[in-house]
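Fit chain B to the supplied structure of chain P, relying on the hints for placement.
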Amino acid sequence: MNHSASSTSRQGIGLPIAGFSLPLARNQELAANVTLEEVLAGRKGALVVFWSGICAHCVRYDEYFNSFAATHPDVGFAAIASRLNETQAQMRQAIEERHLGFPVLLDADGAVARQFYAQQTPRCYLISAERTLIYRGAIDNFKMPGDPEYLEYLEPAIRSFLAGEPVARPETASFGCAIANVYYQLPKQL
Amino acid sequence: MTLFDTLTKAAFDVAETGFQVAETVLKRAQTTVDTLVGVDRKPFTGAPVSGPPDLDNAVSDLANRAARIAYFTPMNPAAIPGAMQNLAGAAKAAFQNVDWRDPKTLALPLRLPLSVGTLLTDSGFRGLMTMEVIGAPRYLEFLKYSLQIFSEFPVYSTLEYRDLMRAQEKWLEGHPDDAVTRTELGRALVKVGNFREAAAQLERAAEGSAGNTRSTALHEAGLAAYNSGDYAKAVRLGCQALEANPENAPARMWVWLAAQKLGGYPEEVAESFRMEVKPGWDPTALQYEDISVRIGLDKTAGARGIVVIDYNNDGLPDVAIGAAHGGISLYRNNGDGTFADVSIESGLFDCTNVFGMSSGDYNNDGFPDILVCRLGFFGGMVELWRNNGDGTFTDVSNESGISCWGPCFSCSFVDYDNDGKLDIFVCTNLGGLFDRFIQNKLFHNNGDGTFTEVAEKAGIVTRWPSIGHSWGDYNNDGYPDLFLSHAIGPPQLFRNNGNGTFTDVTVEAGLDSPTLAFGSQWCDIDDDGWLDIIQYTWAIHEDVIHSLRHGEAPPEGYPTAVYRNNRNGTFTNINRELGVNQCWGSMSGNVADINNDGYPDIVLGNGGPLMDRIEPLVILENDGTKFHNVTFSAGLPFMGKGHGINCADLFGDGRLSILIATGGAYPGDLMTSSVFCPKERLGNYLAVKLYGTKSNRDAYGARLKLVAGGREQHRVLNGGSNFGCLPLQQHFGLGKLTKAESLEIWWPSGLRQRFENLSANQLVKITEGEELITG
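Protein chains in written order, with our numbering: chain P, 1 to 190; chain B, 1001 to 1775.
Hints may contain errors.
For lysine to any residue, the following SDA-like pairs were computed, each having C-alpha atoms within a straight-line distance of at most 20 Å [to be verified]:
no.	chain 1	residue 1	chain 2	residue 2
1	P	K143	B	G1315
2	B	K1042	B	F1019
3	B	K1092	P	L186
4	B	K1626	B	T1693
5	B	K1679	B	S1633
6	B	K1679	B	F1651
7	B	K1261	P	P145
8	B	K1765	B	P1074
9	B	K1261	P	L151
10	B	K1170	P	P73
11	B	K1421	B	F1367
12	P	K143	B	K1261
13	B	K1705	B	G1624
14	P	K143	B	A1232
15	B	K1261	P	R98
16	B	K1170	P	E96
17	P	K143	B	S1228
18	B	K1233	P	R98
19	B	K1233	P	P145
One-sided excerpt, in silico: chain P residues whose CB lies under 7 Å from chain B [claimed, not checked]:
no.	residue
20	A56
21	S67
22	A69
23	T71
24	Q120
25	F142
26	M144
27	G146
28	L151
29	S174
30	C177
31	V182
32	Y184
33	L186
Hints in this document: simulated from the structure, not taken from any laboratory.
These figures come from a predicted structure and were not determined experimentally.
Every residue gets a Cβ at the ideal spot worked out from N, C-alpha and C, and that includes glycine.
Looking at chain P on its own, in the form it has when it is part of the complex (with noise of 0.2 Å):
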């Protein structure tokens, strides 16, 4: 498999971005590889999520996610599998059983992940067309929409990058599964 990231010094809001070289999951088969420089470009920016196929916390964001390039067509999109010891197979078969329109890139060893110091399922960057780190963290405070308690972070600060303002609160916690714990390197349990 072929995959690189290329380095950048530490991250931070404002600061440059990391890029990648990451192969593309398409149905059985790999595709060529996708930069980041094609998911952005002819956009006004992007967003990377770093996300896992037996995540659960992902499987909620499925439908937002299929719908992101037809809601926000200035926004490119693209999903990145890094979590430990996920393999090819399972990842398609999420795909399939969930009808995933949304691409996914393969991160096999995790270098991307710790090249963007991604640690968990999903998290999100939202990058201009400069590359530079508009925003990073949840989707939303991991509450239900409908609930009176829920918060979107990622939506407004979508919003307001997009409108050419400042983000309130370019932050936020990283809700989800861990992309590498030394449990998913121990025997299968059942």
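Leaving out everything else, chain B in the frame of chain P:
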């Protein structure tokens, strides 16, 4: 004590002796056979990623897997072939590292029964002790709970839940009326946060069932509705759960919780399904507000350990929080009331899956280092991160020699031999139901950046699963003694002999009563100059709900223990007479004078792993004679699952904020940490920061005696550990007093210093052997 109690106690004693004898005989036989065969027993120090490394651990692994299979197998004869197939697979996996070509394997017929025997005596002993605490009538329920927790953790923490749910779905295709399995599927969906689908499965399970199964399904459906924000539906389902089983205590609590979100019980809720929450409403002047978002300390989810340190030596307290599913968050104090997340640039972001945390300057370079243990019951590596003094940290676990693997909840720094160099203690508790016991570790600081493990040599040996501990000098001989808090069993007190060895004095100290516990803490609760012990106990859910409804624990419950030091080597638990009389699932706690009245208060971080086990952070305010639960009067919410609790003056104005690291065990149960700050300072204060020179730099082990208004207040500096440690800066409340008459310091080196006439509302800095610096 009734005749029944006496007979029960006698039966327990006989059974205990029987287990002890059997265990001794079997272990001796096992050692003999191993010696004859030439088996070299070495504890494994790294993660067993290629399977159990030896026969004993293989047997344990198989037992754990078998229990898991039994738990997840539907109670139906048709499920037996599948279970047998799983069992065969489990045996193959458990024994994958047995080398069948090794001549030593010929002794397997002799070694295997002995290995199984020692496992059974070990487990039986622990089971017996648990029964003694829980009580025989409630034991079966507790056993089911333990089986559930220890069966599920490895499934959910490895994200193998989809395999489990697929198996359940497949089973339900052929057995659509199996309400029990459908309920389990629904509960699994709740645990992974798929609340809508969970509710659908659970309501369907309820339709086809009655009694307790129906009640459980409806209760869990209510939980799913609550987590979806549909509180009216949560109330309705909870009431239906109570109609099916009026004894379903958690359902009653969740109806109350959901009703609070609606502004009170809806009219249609029957009186018999309602409850009143009695504790937490005692009057107080304390009023808190949650400032975590405002100050930027809100970015850690699924948190566990928490320490307040000045990592960059700028004189401002910074905060580090460990997370079960991510890296450590390090928040730098900007000095303007806000904090910046510097986790990534510090390097601590790479320290993942942290549970217990402690900080201490092990190399005496003036910069606090960080010690962590990881993954709690699941087992993980202990790590030491050296502060480089430039804002970054480096993992020095391997080169320092402290790297070890084990189930672990707490670790701390201590200078147990008063040589001026901080040593390290690590509690390695029991992991799975049938895991082999791993002894605690005491790492002696060699002074050259390396450590040597000396626990057994020092005489620190235990037969109970240690989960919390605390160091404090209970007999005022100048050496820190060790209190071990065990998840199951009686605590242990090890007296420091002052020569590098310890003596177990548990029985003579009167501390040999078993309980279920988490952390512990030495503090002088009655300010008499003799350190007392607080042992944070973990109560079963029924006892917590009983406490919520009645304002106090049931007679058979175990509230957090407050062991008063009787000044003669013995201790007496005086919790109930002090008003510490409610049961909580306290996973941690801390003691600090949060209202500045001169009396130490207690803050408890509570909860349990199951999805329906949320509890408030509890404040027990001390009026000098008794403790009062003022949690809700002080404006705190009924919030969640508290792990590390810290009390710190974050803004240098004498207000002690409560920092709580919060988060559950299942993927669907994440929460973020909170900081509650008093809206105003209630009394005057004096803050003291010590710097050791001959003693260890952090002055861990130092004792402080403040006299103000003619009354003594005592403090001890220690390096943890209740999922973290309090700040080095010691805080004394002075109430309306504007000065303290005197302050005495007893340094670990033996030096004593005394200062007089200290004005209130300031921080004083004292370097060992030097004059006091104010400001």
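task: Could you check if Y184 (chain P) really has its C-beta closer than 7 Å to a C-beta on chain B?
output: 6 Å, holds
message: Can you verify the interface hint for L151 (chain P): is its Cβ closer than 7 Å to any Cβ in chain B?
response: Nearest chain B Cβ about 10 Å off; hint violated.
- prompt: Quick one, is the S174 (chain P) hint okay against chain B at 7 Å, beta carbons?
  reply: With a minimum Cβ separation of about 6 Å from chain B (threshold 7 Å), the hint on S174 (chain P) holds.
Restraint outcome when F142 (chain P) is required to lie within 7 Å of chain B by C-beta distance: This interface hint holds because 6 Å falls under the 7 Å limit.
query: Are the Cα positions of K1705 (chain B) and G1624 (chain B) separated by 20 Å at most?
result: 17 Å, holds
query: Given the hinted pair K143 (chain P) and S1228 (chain B), is their alpha-carbon gap at most 20 Å?
result: 7 Å, holds
- request: Double-check C177 (chain P) for me: the hint is only fine if its C-beta lies closer than 7 Å to a C-beta in chain B.
  value: Holds, about 6 Å.
- prompt: Are K1233 (chain B) and R98 (chain P) close enough, with their CA atoms no more than 20 Å apart?
  reply: Violated, because 28 Å separates the two Cα atoms, which is more than 20 Å.
task: Would you check whether V182 (chain P) satisfies its interface hint, that is, whether its CB is within less than 7 Å of any CB in chain B?
output: 5 Å, holds
- prompt: Does P73 (chain P) lie within 20 Å of K1170 (chain B) when you go C-alpha to C-alpha?
  reply: 40 Å, violated
task: Compare the distance between the alpha carbons of K1421 (chain B) and F1367 (chain B) with 20 Å, and conclude whether the hinted pair is satisfied.
output: This hinted pair holds, its Cα atoms lying about 14 Å apart.
Distance restraint between K1679 (chain B) and F1651 (chain B), which requires alpha-carbon spacing of 20 Å or less: Holds, at roughly 12 Å.
Of the numbered hints listed earlier, those contradicted by the structure are 1, 2, 4, 8, 10, 15, 18, 21, 22, 23 and 28.
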